[in-house]
Amino acid sequence: MTAMLEVKDLHAYYGKSHILHGVHLNVQQGEIVSLLGRNGVGRSTTIKTVMGQVQGTGSVKFKGEEMMGLKAYMVARKGLGYVPENRDIFPTLTVRQNLLLGQKGRKPSGRWSMEDMFNLFPRLRERAEAPAGVMSGGEQQMLTLCRTLMGDPDLVMIDEPTEGLAPKIVEQVAGLFDEIKNRGISILLVEQKLTIALKISQRVYVMGHGQIVFEGTPDDLRANEAVRKEWLEV
Amino acid sequence: MEFFLVTLLNSLSYGLLLFMLSSGLTLIFSMMGVLNFAHASFYMLGAYFAFQTSQAIGFWPALVVAPIAVAALGAITERYGLRTVHKYGHVAELLFTFGLAYIIEEIVHLIWGRAPVEYKIPAVLDFSAFSIFSTQYPAYRVFMMLVSVGMLIALYFALTRTRIGLIIQASLTHPDMVESLGHNVPRVFMTVFAGGAALAGLAGVIGGNAFVTEPGMAASVGTIVFVVVVFGGMGSLAGAFVASLVIGAVQTFSVGFDYSLLNLFALLGIETSADSAWYDLWKVTISQAGPVLPYILMVLMLIFRPKGLMGTREG
Numbered sequence: 001m002t003a004m005l006e007v008k009d010l011h012a013y014y015g016k017s018h019i020l021h022g023v024h025l026n027v028q029q030g031e032i033v034s035l036l037g038r039n040g041v042g043r044s045t046t047i048k049t050v051m052g053q054v055q056g057t058g059s060v061k062f063k064g065e066e067m068m069g070l071k072a073y074m075v076a077r078k079g080l081g082y083v084p085e086n087r088d089i090f091p092t093l094t095v096r097q098n099l100l101l102g103q104k105g106r107k108p109s110g111r112w113s114m115e116d117m118f119n120l121f122p123r124l125r126e127r128a129e130a131p132a133g134v135m136s137g138g139e140q141q142m143l144t145l146c147r148t149l150m151g152d153p154d155l156v157m158i159d160e161p162t163e164g165l166a167p168k169i170v171e172q173v174a175g176l177f178d179e180i181k182n183r184g185i186s187i188l189l190v191e192q193k194l195t196i197a198l199k200i201s202q203r204v205y206v207m208g209h210g211q212i213v214f215e216g217t218p219d220d221l222r223a224n225e226a227v228r229k230e231w232l233e234v
Numbered sequence: 235m236e237f238f239l240v241t242l243l244n245s246l247s248y249g250l251l252l253f254m255l256s257s258g259l260t261l262i263f264s265m266m267g268v269l270n271f272a273h274a275s276f277y278m279l280g281a282y283f284a285f286q287t288s289q290a291i292g293f294w295p296a297l298v299v300a301p302i303a304v305a306a307l308g309a310i311t312e313r314y315g316l317r318t319v320h321k322y323g324h325v326a327e328l329l330f331t332f333g334l335a336y337i338i339e340e341i342v343h344l345i346w347g348r349a350p351v352e353y354k355i356p357a358v359l360d361f362s363a364f365s366i367f368s369t370q371y372p373a374y375r376v377f378m379m380l381v382s383v384g385m386l387i388a389l390y391f392a393l394t395r396t397r398i399g400l401i402i403q404a405s406l407t408h409p410d411m412v413e414s415l416g417h418n419v420p421r422v423f424m425t426v427f428a429g430g431a432a433l434a435g436l437a438g439v440i441g442g443n444a445f446v447t448e449p450g451m452a453a454s455v456g457t458i459v460f461v462v463v464v465f466g467g468m469g470s471l472a473g474a475f476v477a478s479l480v481i482g483a484v485q486t487f488s489v490g491f492d493y494s495l496l497n498l499f500a501l502l503g504i505e506t507s508a509d510s511a512w513y514d515l516w517k518v519t520i521s522q523a524g525p526v527l528p529y530i531l532m533v534l535m536l537i538f539r540p541k542g543l544m545g546t547r548e549g
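First to last, the protein sequences are chains H and V.
First residue of the first sequence? That's 1 in our numbering, and the numbers climb one at a time after it.
First residue of the second sequence? That's 235 in our numbering, and the numbers climb one at a time after it.
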């Protein structure tokens, strides 16, 4: 089986500083893969480069097609979804309008409808006509996730979705990941909370200094204390 | 009373015209972070295009054709000009629009000459609409207000009720995110730039014959439009609207007042004579100071509230 997403020898720069030093990773169809590592090792840069938001060199193949050099909106239209870390909701637009902008065209397409989102997160239905900016951090996180899903991606890259969220909402978000996976969508998750990542992922990568320093299953990582000590624990 | 009512109507029509210019400028600024120095040049081109086309096909078709032609120029400016220099940063973009303003002015010199052209109010609108006491109020001024208000309503609905309007609103603050959702943000930028140019062009079509169509019109109105945008708050349409009406009123009303600080001193019982210190400054009347009043307002705004009336950006 060919990989859904295959990243090879990815380099990226911010100005003169070399951030990514040849990152390799792949994600199979319907798989949840976590990208772990401490802050500042280049995890967010990796997915931003895949998305075309950061200039890079190397190869990013999605469903067998080269994405490198495409503009971000073209990458998105190929079926790659991106949920940024800073919850870039559109604060002055209503929750419903935010979701509508997640759709790529005028009409809803594919696996997800607005109704699905409202059923998954009833809170969004209650606040549908409220400006998104007045919602709590957890609600905004749900909205960002749902907005990206409205565009019917085949693979979503999600950056630190549980950062700063109450445990109860973390559970809800993890529940959504199951729902996403059930619909055959792959997830590339950037996560800091090891427990969640190990629980839901099929495979994990650990990053350090702009490179992949470990890859394996959650069990492999549990067994490998040296990697955890050197690259993950603070 | 008569003076007040007539001046109020004049300031309203002028303020609305200013808003047609400042709305486009402020939208372009908040989206791209570029203060477009050539914006008023599109206003001037609108007036000249309307002058030229109305001679061939009449005023009414020109009212539609001229803004479309200006919009096309705006689209080309963004697509092949701004987008090309964008990678060199904001300074390059500013210099580009600054230079463009000069180029457009020189082209206007070459084609239409340095003297004002005879762009006249169409005969069908050249009558008096109503009279206020003894003043006959021209119908064309009423027409200007109607066009401006119509444009205002159309702009409001386009931005809040249509899908492209929502995408524009979202792109004002989060262009990267909007692009990651699969929207062609570069094309949205071009659309906004063309739309802003079209509004400026339309203002030129209806303003060029009400005032005067000459090569200096871009420079004279351009600075005022910047004052409006700074006063109202960078990136705020509502702020630009209020500021347009305020600056319009200040400019229009100041012409009619012959009061100076000497009158104020007299009222307060302060004795002054030609030998008093700073006497020349005190005797300047409001009508004499009129042209600098908008700039004084802008400076005061920058001192006390740098982000402007309703601006969202920190100063």
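Rather than coming from a laboratory, the hints here were simulated on the basis of the structure.
One thing to keep in mind: the hints can contain errors.
Stated by the list, open to error - Pairs of lysine-lysine, DSS-like flavour, derived with a Cα cap of 30 Å:
#: 1; chain 1: H; residue 1: K78; chain 2: H; residue 2: K107
#: 2; chain 1: H; residue 1: K78; chain 2: V; residue 2: K321
#: 3; chain 1: H; residue 1: K16; chain 2: V; residue 2: K321
#: 4; chain 1: H; residue 1: K71; chain 2: V; residue 2: K321
#: 5; chain 1: H; residue 1: K107; chain 2: H; residue 2: K168
#: 6; chain 1: H; residue 1: K181; chain 2: H; residue 2: K193
#: 7; chain 1: H; residue 1: K168; chain 2: H; residue 2: K8
#: 8; chain 1: V; residue 1: K321; chain 2: H; residue 2: K104
#: 9; chain 1: H; residue 1: K104; chain 2: H; residue 2: K16
#: 10; chain 1: H; residue 1: K8; chain 2: H; residue 2: K181
#: 11; chain 1: V; residue 1: K321; chain 2: H; residue 2: K8
#: 12; chain 1: H; residue 1: K229; chain 2: H; residue 2: K168
#: 13; chain 1: H; residue 1: K63; chain 2: H; residue 2: K104
#: 14; chain 1: H; residue 1: K61; chain 2: V; residue 2: K321
As the list claims (entries may be wrong) - Pairwise CB distance ranges, derived in the manner of DEER restraints:
#: 15; chain 1: V; residue 1: Y322; chain 2: H; residue 2: G64; range: 51 to 59 Å
#: 16; chain 1: H; residue 1: T92; chain 2: V; residue 2: L527; range: 30 to 38 Å
#: 17; chain 1: H; residue 1: V134; chain 2: V; residue 2: L534; range: 48 to 56 Å
#: 18; chain 1: V; residue 1: I341; chain 2: H; residue 2: N119; range: 55 to 63 Å
#: 19; chain 1: H; residue 1: K181; chain 2: V; residue 2: T396; range: 33 to 41 Å
#: 20; chain 1: V; residue 1: V533; chain 2: H; residue 2: G110; range: 31 to 39 Å
#: 21; chain 1: H; residue 1: H11; chain 2: V; residue 2: L386; range: 49 to 57 Å
#: 22; chain 1: H; residue 1: A130; chain 2: V; residue 2: R317; range: 53 to 61 Å
#: 23; chain 1: V; residue 1: W512; chain 2: H; residue 2: A130; range: 36 to 44 Å
#: 24; chain 1: V; residue 1: L536; chain 2: H; residue 2: E65; range: 48 to 56 Å
#: 25; chain 1: V; residue 1: F491; chain 2: H; residue 2: T92; range: 47 to 55 Å
#: 26; chain 1: V; residue 1: V383; chain 2: H; residue 2: H11; range: 49 to 57 Å
#: 27; chain 1: V; residue 1: R317; chain 2: H; residue 2: N86; range: 53 to 61 Å
Ideal Cβ placement from N, Cα and C applies to all residues, glycine included.
Cross-check of the supplied hints:
Pair hint K78/H plus K107/H holds up; C-alpha atoms about 17 Å apart against a cutoff of 30 Å. A hinted pair counts as satisfied when its Cα atoms are at most 30 Å apart, and K78/H with K321/V qualifies at roughly 26 Å. Between K16/H and K321/V the CA atoms are separated by roughly 16 Å; this keeps the pair inside 30 Å, and the hint holds. At roughly 15 Å between alpha-carbon atoms, K71/H and K321/V fall within 30 Å of each other, so this suggested pair holds.
Annotation: proposed proximity of K107/H to K168/H is violated, straight-line Cα distance about 33 Å (limit 30 Å). Annotation: proposed proximity of K181/H to K193/H holds, straight-line Cα distance about 20 Å (limit 30 Å). The suggested pairing of K168/H with K8/H is violated, with an alpha-carbon distance near 37 Å, which exceeds 30 Å. Between K321/V and K104/H the alpha-carbon distance is near 27 Å, which keeps this suggested pair within the 30 Å criterion.
Taken as a hint, the K104/H and K16/H pair is broken in the structure, with Cα atoms around 35 Å apart against an allowance of 30 Å. Distance check on the hinted pair: K8/H and K181/H sit about 24 Å apart at the alpha-carbon level, within 30 Å; holds. Distance check on the hinted pair: K321/V and K8/H sit about 27 Å apart at the alpha-carbon level, within 30 Å; holds. Proposed proximity of K229/H and K168/H is supported: the alpha carbons are some 28 Å apart, at most 30 Å.
With a C-alpha separation of about 19 Å, the suggested pair K63/H and K104/H falls inside the 30 Å cut-off, and the hint holds. A C-alpha spacing of about 27 Å is found between K61/H and K321/V, which places the hinted pair at or below 30 Å, so the restraint holds. The given range of 51 to 59 Å is broken by Y322/V and G64/H, whose C-beta atoms sit roughly 36 Å from each other. Between T92/H and L527/V the beta carbon distance is about 33 Å. The supplied range of 30 to 38 Å therefore holds.
Distance hint check: the CB atoms of V134/H and L534/V are about 33 Å apart, inconsistent with the given range 48 to 56 Å. Checking the proposed 55 to 63 Å range against I341/V and N119/H shows it holds: the Cβ atoms sit about 60 Å from each other. In this structure, K181/H and T396/V meet the distance hint of 33 to 41 Å, their C-beta atoms being roughly 36 Å apart. Separation of V533/V from G110/H is about 55 Å and departs from the stated range, judged on CB atoms against 31 to 39 Å.
In this structure the supplied range 49 to 57 Å holds for H11/H paired with L386/V, their Cβ-Cβ distance being about 50 Å. Separation of A130/H from R317/V is about 36 Å and departs from the stated range, judged on CB atoms against 53 to 61 Å. Under the hint 36 to 44 Å, the C-beta atoms of W512/V and A130/H, about 57 Å apart, miss the expected range. At about 51 Å, the beta-carbon gap between L536/V and E65/H stays in the expected band of 48 to 56 Å.
Between F491/V and T92/H the beta carbon distance is about 40 Å. The supplied range of 47 to 55 Å is therefore violated. V383/V and H11/H have their C-beta atoms about 55 Å apart, which keeps the hinted 49 to 57 Å range intact. The supplied range of 53 to 61 Å is broken by R317/V and N86/H, whose beta-carbon atoms lie about 26 Å from each other.
Violated hints, listed in ascending order, are 5, 7, 9, 15, 17, 20, 22, 23, 25 and 27; each of the other numbered hints is respected by the structure.
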